[in-house]
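K.L.:
Here's the letter readout for the chains.
Number of protein chains: 2
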Amino acid sequence: MDQDRELGDLREQVRVVTADIIRDVQKRMELARQIGEIKNRKGIEVKDERVEQDIRKMVLAISSQTGMKPDFALRLLNILLEESESVQAQGRQPPQKQTHLGIFMKAKQLEASGKEMIHLEVGEPDYPPPSAVGNSLSESFRLRRYHYTETRGIAKLREAIAKKENVTEDRLIVTPGGRFAVFSAIVSLLEPGNELIVLDPAWPAYKECADFAGARTRVLKTRFEDSWTPDLGMLEDMINPATKMIVLNYPNNPTGKILENKSVEKIVSLAKDNDLYVLSDEVYAAYSYGKQFQSVLEFDYEKTIMVSSFSKRYAMTGFRVGYGVADPRVIQQLNKIQAAGITSVAEPMQYAALAAIGEDHRDNVKIMKERLDYVCKRLKEMSIRFVSPDGALYVFPELPDIDDLELVDKLLERGVAVAPGSGFGDSYKNYIRISACQPLEILAKALDKTSVVLEEHA
Amino acid sequence: MDQDRELGDLREQVRVVTADIIRDVQKRMELARQIGEIKNRKGIEVKDERVEQDIRKMVLAISSQTGMKPDFALRLLNILLEESESVQAQGRQPPQKQTHLGIFMKAKQLEASGKEMIHLEVGEPDYPPPSAVGNSLSESFRLRRYHYTETRGIAKLREAIAKKENVTEDRLIVTPGGRFAVFSAIVSLLEPGNELIVLDPAWPAYKECADFAGARTRVLKTRFEDSWTPDLGMLEDMINPATKMIVLNYPNNPTGKILENKSVEKIVSLAKDNDLYVLSDEVYAAYSYGKQFQSVLEFDYEKTIMVSSFSKRYAMTGFRVGYGVADPRVIQQLNKIQAAGITSVAEPMQYAALAAIGEDHRDNVKIMKERLDYVCKRLKEMSIRFVSPDGALYVFPELPDIDDLELVDKLLERGVAVAPGSGFGDSYKNYIRISACQPLEILAKALDKTSVVLEEHA
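Heads up: the protein sequence lines correspond to chains A and B, in order. For any residue, its number in the working numbering is found by taking its place in the first sequence, counting from 1, and adding 509. For any residue, its number in the working numbering is found by taking its place in the second sequence, counting from 1, and adding 509.
Source of the hints: derived by calculation from the structure; they are not laboratory data. Certain hints may be false.
Note: identical chains are not told apart, hence a pair may lie in one copy or across any two.
Stated by the list, open to error - Each computed PhoX-like pair below joins lysine-lysine, with the alpha-carbon atoms no more than 25 Å apart:
1. Lys665 x Lys615
2. Lys578 x Lys548
3. Lys781 x Lys938
4. Lys812 x Lys730
5. Lys781 x Lys566
6. Lys878 x Lys954
7. Lys665 x Lys624
8. Lys606 x Lys845
Source: prediction; values computed, not measured.
Produce the entire structure from the sequences given, and follow the hints as far as they go.
P.N.:
So this is what it looks like as structure tokens:
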């Protein structure tokens with residue numbers, strides 16, 4: 510009976526303090542509205558990283574005084590900050606964004622309306638997958654390969670991948686494209702209000718997935734002037750108790766950069782010190798030219814998620830088969846979201862991937878190297894600056910005083926699709942990404958047209 | 510300058526009120542910890558719907574007094590409630606859950622170790638897809654159908670589906686299984702702290718997806734005694750400003766129930782009055798026996814998302830092709846998450862679905878009806894109670910004093926896999942789901958074994 514009274518009493522206190530919280534939150538939103546009005550009048554940005562950082566420090570100080578879990582405190586703060594931003598931004602136009610995938614869709618529509626189009630906007634090799642893949646497809650119906658499979662993938666494929674990557678099978682999940690491994694890692698490992706760090710310029714998927722997770726993306730910009738090498742001191746400064754993950758993508762899309770091993774080592778050790786996940790998207794690992802690429806797996810850090818794919822290596826983009834390698838407990842979490850989202854990867858596609866895995870891909874790398882060299886040569890002739898790619902399928906040149914979206918539109922009109930730099934980060938609107946996934950003579954034609962457009966503009 | 514001072518002043522006030530909020534939240538968590546201790550001593554459940562409902566009402570009252578957005582207030586409250594629950598539950602064992610998919614994985618492992626297994630735990634028809642599907646597969650490599658496609662699906666498939674469903678193409682997205690349409694609808698339309706209502710017993714995916722979205726699932730239980738008809742008065746009572754979606758799944762998995770049209774009409778009108786989404790999972794629509802199934806699309810409510818699939822109708826589970834139909838603005842949101850998660854459905858699988866769409870599936874329905882009749886007859890002979898299924902692929906019988914998990918384990922030992930009722934909702938541990946996706950002679954064998962196990966137990 511005493512306990513019942515105690516319980517009733519505590520519940521009443523909960524009611525009172527909940528009411529206080531809600532009233533204070535409303536007060537905070539009203540203040541945000543007033544701040545938004547002033548910012549609007551003065552024409553300044555809603556988001557202010559410095560102010561946010563100050564408030565974050567204050568919240569952390571309170572949480573350590575009161576014994577509150579710092580990650581929950583920061584999660585809560587981030588939810589308040591987000592709502593404040595949305596209150597402040599009311600009535601403002603959201604900035605226009607265009608990614609390479611958006612341009613791809615636009616180009617596809619132009620094609621459907623009869624226009625000829627050269628696709629240099631996506632990383633989709635033009636050469637075919639190995640012929641063994643075709644044989645596998647042809648026999649899949651006869652062999653009744655059209656059922657649900659284990660969510661993590663059929664045993665044979667997992668065995669083959671485990672062998673290739675030199676890991677045990679329990680550290681592996683087969684996903685519908687490397688993209689889904691990225692998606693499920695971010696969505697299942699991050700909670701609303703958590704933070705992840707992305708090194709810009711970057712494939713936009715990481716930020717998109719973070720948005721879905723309700724996580725905040727903190728961006729570490731890398732610069733052309735530094736040959737796209739990240740400033741690791743700045744990286745260290747960005748880490749706080751809300752930070753949960755660093756995303757790496759080398760060989761990099763869009764720059765083609767491969768990091769020095771000692772940089773990766775330093776990043777992994779920062780992650781270790783701060784108990785962060787390292788999500789390493791290595792779908793371009795097969796394509797390196799000269800500089801040797803080393804997988805993050807070799808640094809042997811428990812909280813690593815390595816993502817790879819059949820799409821680029823074997824030119825199998827449309828089969829949508831990739832995989833993730835991680836600690837078994839993380840794999841279980843990815844498995845859970847994969848079970849919820851798709852049950853399993855289409856069985857015929859898994860067998861197609863299995864057929865590919867023993868095949869030689871070195872010719873693909875040779876072809877791509879030759880093409881990238883050609884693109885670089887032509888850009889040099891046009892006096893356009895770029896950092897020579899160490900790997901991947903792209904060149905990321907700097908534009909001579911023309912905005913990316915303007916150039917992209919002009920090129921689309923002439924039947925050439927390229928990806929705008931701003932799709933890879935807010936600071937890159939004077940860059941474009943050129944994909945070398947077309948034969949030399951097509952690349953030549955596209956670069957001729959680019960040269961004409963730039964001359965007309967100059 | 511005046512504005513600068515004003516801004517600085519407002520920011521200082523934001524700091525103060527933020528500090529108050531964080532301190533109060535910590536106070537609330539400390540109270541939750543104390544409540545958790547008492548509950549633990551008294552051995553009572555952490556979650557108390559009545560107490561939550563009271564606090565929800567209070568928060569709504571405050572939000573209407575202060576002009577706060579009620580959905581944000583409730584979102585925030587739900588985040589506090591969740592953290593409280595997790596604080597209170599510290600040190601407790603989480604309840605063990607086992608879904609049909611878990612049993613499927615278990616059964617697959619037993620098979621891999623050499624045990625023969627009859628699969629009555631998943632809804633995977635044993636008959637083959639139409640032969641046109643096989644032809645499409647065989648020619649897909651030659652026709653170079655292995656590229657990225659538009660995220661929403663190839664134009665031809667979208668045209669064919671649009672025609673079949675009698676909708677315009679902009680209301681359509683092709684997904685990797687109906688499951689992904691469910692997943693992306695829930696994850697993209699609900700925010701953390703939002704609520705969705707699920708009618709139990711239900712396919713567990715809805716709750717799993719809600720968990721990923723950080724949304725709260727409110728469960729409306731339906732009962733065997735009411736022939737699985739939902740109490741719409743109770744449904745109405747559950748709706749509050751945090752409610753954003755009602756999930757329907759008829760023909761129902763696991764009960765086979767088809768709702769009366771006037772019930773659906775009433776549910777849609779409740780949704781309309783409260784501005785809720787209706788997510789209607791109709792993947793079993795092709796399988797109705799006698800009672801005519803009417804799609805929710807016919808009720809013409811703007812905020813409807815209808816989900817369908819090729820998996821059950823054409824026995825194409827392993828191809829992972831389904832689709833969603835909704836208002837174009839909703840389709841854009843599903844498209845966004847699909848672009849982030851998978852880029853597009855595997856191209857050969859989309860062509861396989863296209864090949865199926867004109868084919869006759871009526872034989873499949875006839876086969877399934879005969880099997881379900883047989884299962885029902887055998888259960889009746891065993892004096893086991895059930896509601897005769899109006900549609901779908903399952904019977905959901907009540908168990909005579911044996912728990913589902915105990916029966917499931919005993920049957921697994923004898924080489925029969927069935928799905929435990931508790932996987933479809935907390936109140937159904939005295940039910941199992943029997944899938945009729947096997948030939949009559951196999952069903953006979955499985956039911957013989959079931960009968961033996963039950964007699965041994967009695």
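K.L.:
Can you list which hints this structure breaks, lowest number first?
P.N.:
Violated hint: only 3; rest satisfied.
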